[in-house]
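Here the protein sequences come in this chain order: A and B. Numbering-wise, the working numbering puts 52 at position 52 of the first sequence, and it's gapless, one number per residue. Residues are numbered in the working numbering as their position in the second sequence, beginning at 1, plus a constant of 1000.
Incorrect hints may have been included.
[As the list claims (entries may be wrong)] In silico lysine to aspartate or glutamate, EDC-like type, Cα no more than 16 angstroms apart, as pairs:
| id | chain 1 | residue 1 | chain 2 | residue 2 |
| --- | --- | --- | --- | --- |
| 1 | A | K129 | B | E1019 |
| 2 | A | K129 | B | E1016 |
| 3 | A | K198 | B | E1019 |
| 4 | A | K129 | B | E1020 |
| 5 | A | K198 | B | E1016 |
No lab work stands behind these hints, which were simulated from the structure alone.
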Amino acid sequence: MRTETEAFPHSTLPVPRAAVPLWRRRSLRRRLPLVGTNLVILIGAFVVSIPLLWMLSTSVKDPGDVFLQPPQWIPSVFRWANYAEAVNAIPFWTYTTNSIIITALGVIGEVVSCSLVAYAFARLRSRDKDVLFLILLSTMMLPGEVKLVPTYLMFRWFGWLNTFLPLVVPHFFGGAFYIFLLRQFFLTLPLEMDEAAKVDGAGYLRIFWNIILPLAKPALATVAIFSFYSIWNDFLSPLIYLSKEDNYTLPLGLQAFIGAYGVIHWTWLMAASVLALIPCVVIFFTFQRWFIEGAVLSGLKG
Amino acid sequence: MVQSLASWFGGRGKLEAREEIAFHLFAAPWLIGFLVFTAYPTLASFFLSFTHYEVITPAQWIGLDNYLFVLHDPLFWQSLQVTALYAVGSVSLGVTFAFLLALLMNQPVPGISVYRTLYYLPSTISGVPVALLWMWVFDPAFGVLNNVLKFFGIQGPQWLFSTTWVLPAFIIMSLWGVGGAMVIYLAGLQGIPRHLYEAAELDGATAVTRFRHVTIPMVSPVIFFNLILSIIGSFQTFTAAYVMTSGGPANASLFYALYLYQNAFQFFKMGYASALAWVLLVIILALSMVVIQSSPYWVYYEGKLKG
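Can you build the whole structure from these sequences, using the hints too?
Okay, here's the thing in structure tokens:
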């Protein structure tokens, strides 16, 4: 079994080695509960996987087989054509391109702006810092609904409706949660290096760029991954700001797909959903380590 | 202010003043963002909540009318009830399941990292595809859930088409995503120093006592923080409700955020929607205060003796 220091290699949290649960130490009561635990975990894992398996299974079924009773888990024929048909039934690639543009710009905006702001809060001294940090924290508690209507009216007044601007520009002004996350990480970096660079005459921007950022790659990756997910999956903002089909993002396009054919076309719908989920799943498996670390970092430090 | 100006020009404070300026420059994106995208919309929405505003005509000051109307709006009460029931169900079950799962995932079972991934994965995907997936899972005739129930000889309900079962369906769906909280609790469990267990064992504490007096107190701060986030989150359920039921049947899944959206962007009652938003803010603050006030009774912070 891997120790926790390996599982969370960049973790800033005081996570000691995985404790062997003590109630399991006594040899007498050792075997029986372990078999039971194993079984519970196994059954649970199966139950948890059912929805995704069901989606995959439906996405390759013959449309007629969808309504078989009892259902077929493994289709008699794998009908890959569902994917091609789903993609052609809606302007799938237009939606995908829109989603990619918006997400890429948004992620860049978050990473750049949040790291700058986090550097200020972690490293620079200012009389206003404590007050501003308190404000930053309290904005995290503010439900987005409160800002919804005036923000919409403001972008409407800017003439930004039906453009990507309302979906991209706000990300260049730093999300409170990501700033907090990065600040926590920056605080753990040794201050001596800043001081040494300062003695060598480096300015704040140099220190930020040459010392802090290279060391903060894991935390930056976490912010990039988290913001990727939230922007890629966002539904409310595109729903409010985009009303021309050419501008739709993938979630908005998928939603429009439901009623588009009178009856719900489940094989196409599931195939398109699988395609929409692929980037998320790929990123999850590629960056699982940073993912979990970020989730932990955000959840543990209140 | 005078002092800060003095130090800007004073010799000793020169470096200090440079740093002061640098701080504000580095923080500028958020400072501007806070003013434009948070402070202004928040204040504006407070102002709008006292007006009648339907976009095409100028906003008209109507005092407390929106708030009075909220009190007499049956759909407001309906949406509040729906959201509260959902919050109670999904948060209480969610915290319980996540904690139990974290305990399981902390066991030395072969292949545990594969299991952790399997349980965690669903919480990382969300939005419209997931809502569509669950619509299909809950399909009364051909969905997987009722087919499994039928296998056990149970006639499954109409789920999303039933006023009784639509909320349980949403709660079940929310439980699919407990993996996120599970991972956080797991880290909390693994952060418990072993010597605490060893000391307890030396004192002759049984497994149950150790769990009750070591494990639970040590992870309680994590649960506490997560509880607040879950409550806030459940009050903001929107996408699933919009996509899967549009609030139906018969408003049985009219979530608060959905009702607010309808008022703002379907009925264009911007003033009323703003009042609803402020009522939501007050509710969330009140709930958070209740949790925070109750925390001394059940949250243990290290280095602080519980009275």
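Assess, step by step, whether the Cα of A/K129 is no farther than 16 angstroms from the Cα of B/E1019, and give holds or violated. Distance ~12 angstroms between A/K129 and B/E1019 Cα, so the pair holds.
Does A/K129 pair with B/E1016 here, judged by a C-alpha cut-off of 16 angstroms? Within the cut-off at roughly 14 angstroms; holds.
Take the C-alpha atoms of A/K198 and B/E1019, compute the straight-line distance between them, and say whether it is at most 16 angstroms. Satisfied, since the Cα-Cα distance of roughly 12 angstroms is no more than 16 angstroms.
Pair hint A/K198 and B/E1016, alpha-carbon separation not exceeding 16 angstroms: holds, 14 angstroms
Do the alpha carbons of A/K129 and B/E1020 lie within 16 angstroms of each other, as the hint requires? holds, 9 angstroms
Of the hints listed earlier, there is not a single one the structure fails to meet.
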